[in-house]
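K.L.:
One-letter residues, chain by chain:
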Amino acid sequence: MKNCDQFREMYEAYALGALDPAERATLEAHLATGCQDCAKSIEEARWLVSQLAYMAPEAAPSDMLKGRLMQTVRAEAQTAKRSTPSRSAIPFWIWAGVAALLLFSVYSAWNAQRLQREIHAVNQRAAGILQERRELDAQLQLAKRAAMIVTDPASVRIVLASQDHKSPGLEAKWHSQLGIVLTGQGIPVPSGNRVLQLWLIPKAPEGKPIPSLTLRPDVDGKFVLLVSNPPELMAATKALAITEEPEGGSAQPTTTPRWVGGVS
Amino acid sequence: MFLAAFTPSKNPEVSLDATLVSRLLQRDVSAFEQLYDRHSRAIYGLVLRILQQAGTAEEVVQDVFLQLWRNAGQYDSSRGPFVPWLFTLARNRALDTLRLKSERQRRREDQTEDLPPVASAPEYEKQLDEKRRAEKVRALMASLNPQQKRAIELAYFEGLSHSEIAASLKEPLGTVKSWIRNGLLRLKEGLQATS
Numbered sequence: 001m002k003n004c005d006q007f008r009e010m011y012e013a014y015a016l017g018a019l020d021p022a023e024r025a026t027l028e029a030h031l032a033t034g035c036q037d038c039a040k041s042i043e044e045a046r047w048l049v050s051q052l053a054y055m056a057p058e059a060a061p062s063d064m065l066k067g068r069l070m071q072t073v074r075a076e077a078q079t080a081k082r083s084t085p086s087r088s089a090i091p092f093w094i095w096a097g098v099a100a101l102l103l104f105s106v107y108s109a110w111n112a113q114r115l116q117r118e119i120h121a122v123n124q125r126a127a128g129i130l131q132e133r134r135e136l137d138a139q140l141q142l143a144k145r146a147a148m149i150v151t152d153p154a155s156v157r158i159v160l161a162s163q164d165h166k167s168p169g170l171e172a173k174w175h176s177q178l179g180i181v182l183t184g185q186g187i188p189v190p191s192g193n194r195v196l197q198l199w200l201i202p203k204a205p206e207g208k209p210i211p212s213l214t215l216r217p218d219v220d221g222k223f224v225l226l227v228s229n230p231p232e233l234m235a236a237t238k239a240l241a242i243t244e245e246p247e248g249g250s251a252q253p254t255t256t257p258r259w260v261g262g263v264s
Numbered sequence: 265m266f267l268a269a270f271t272p273s274k275n276p277e278v279s280l281d282a283t284l285v286s287r288l289l290q291r292d293v294s295a296f297e298q299l300y301d302r303h304s305r306a307i308y309g310l311v312l313r314i315l316q317q318a319g320t321a322e323e324v325v326q327d328v329f330l331q332l333w334r335n336a337g338q339y340d341s342s343r344g345p346f347v348p349w350l351f352t353l354a355r356n357r358a359l360d361t362l363r364l365k366s367e368r369q370r371r372r373e374d375q376t377e378d379l380p381p382v383a384s385a386p387e388y389e390k391q392l393d394e395k396r397r398a399e400k401v402r403a404l405m406a407s408l409n410p411q412q413k414r415a416i417e418l419a420y421f422e423g424l425s426h427s428e429i430a431a432s433l434k435e436p437l438g439t440v441k442s443w444i445r446n447g448l449l450r451l452k453e454g455l456q457a458t459s
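Residue numbers (our numbering), protein chains in the order written: chain A, 1 to 264; chain B, 265 to 459.
To be clear about the criterion: a stretch of chain B counts as covered by chain A if any three or more of its residues have a C-beta under 8 Å from a C-beta of chain A, and this derived list gives those stretches: (1) 296 to 308; (2) 328 to 342; (3) 348 to 355; (4) 409 to 419; (5) 440 to 450.
Lysine-lysine pairs mimicking DSS-like chemistry, simulated, CA-CA at most 27 Å apart: (6) B:K395 x A:K66; (7) B:K452 x B:K400; (8) A:K238 x A:K166; (9) B:K452 x B:K413; (10) B:K365 x A:K66; (11) B:K365 x B:K413; (12) A:K166 x A:K222; (13) B:K452 x A:K40; (14) B:K365 x B:K434; (15) A:K40 x B:K413; (16) A:K40 x B:K400; (17) A:K144 x A:K222; (18) B:K434 x B:K413; (19) B:K400 x B:K413; (20) B:K413 x B:K395.
Here are the computed distance ranges between Cβ atoms for each label pair: (21) A:K40 x B:R450: 16 to 26 Å; (22) A:W95 x B:S279: 40 to 50 Å; (23) A:T33 x B:S442: 19 to 29 Å; (24) A:V106 x B:R343: 43 to 53 Å; (25) B:T439 x A:T33: 28 to 38 Å.
Read the hints as simulated data drawn from the structure, not as lab findings.
Virtual Cβ for every residue (Gly too), placed ideally from N, Cα, C.
The shape of chain A in the complex, shown without the other chains:
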């Protein structure tokens, strides 16, 4: 409040517009700080100053002034009424436009759903293709591995002779790190659901045959079997044997071997 004391004598002159520029600037800078007391006092001073208008004697303006004013005001009121659109005043083409817009909105929503379904189907197809590619990649890796086993000079060749001397022999290549590749062609396809199963015959005198993978030749009697992780070391294996077993293979041979080949 003490800060406002210096302004108290300026309120009326400020409202009157009689303050010199420097004084007015000082007071306005103070008002700009948000002083509510001074703002309120100046509001009262403005009212007081407005009462000075009564010093002027009333005077009657010409009738023409009122006529001009009323003419202008009536014209503007009419214009305002005309420019306020009523429901019935809305032309048909606007309603047609609104209807078209609604139709377009419905179509857009339907189209969006359809596109969403298509995107979902495409995504599924893409996922299938990706899966197929992964499988092909895996097959390719296996084929590469098999090729390396077959071509690597470090692989040991094992010939499995047919025990009934009626079927063609089989050939195996065993690489100590990469695994075994067993191939054959012209091999009779086992009947029904039966399969051929590979066995590793250990060197140990009491060792039982160790089961490995099963296979079924194709209709031409061809097959390539890759055993990436043989269940026994080559050095500990005496021979490879093939028996005919039920689908899924057996833990121990249930038939006599049809092919046998010694591991040298």
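Based on these hints, arrange chain B on the given structure of chain A.
P.N.:
Same frame as chain A, but now just chain B:
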């Protein structure tokens, strides 16, 4: 506070003005006509007193009332009564016009046009309160010494600053400031005593 004596709710005239102004927002032509009939004499008298020229005064009054019609929303009845707001609007417009005119042009126009007659009797009963207030203000101002009253008139009707008034009256600046402030405080006390 001082303004409380003049709050709209205590004065039916003020409430009527506020109602009429609110109707302007709905483009009510009859409300505009009523406001014009109620206040055009006071406004024209004020503007004419400032401009001293009938034609220009009517142009300013026309501008003031058209501004009221087109921008009625600018008046906020919660912040004070309508008439002081309209007076302030009219005075500001008139002083702006006065400042735009050259001294020579004003002298020439003074020679060619006579002042219009002063209105005496009010046309509307509702103007009585305004009339009483006008009489009170005039009586209070007439009780000031002539130099003091002249200083206030120069400030209010001609828009002169303290320094310009001191130069015009050839009086010390401090004296002019005291005259104006004391005169206005006397007016304030007189109006408070009336309310």
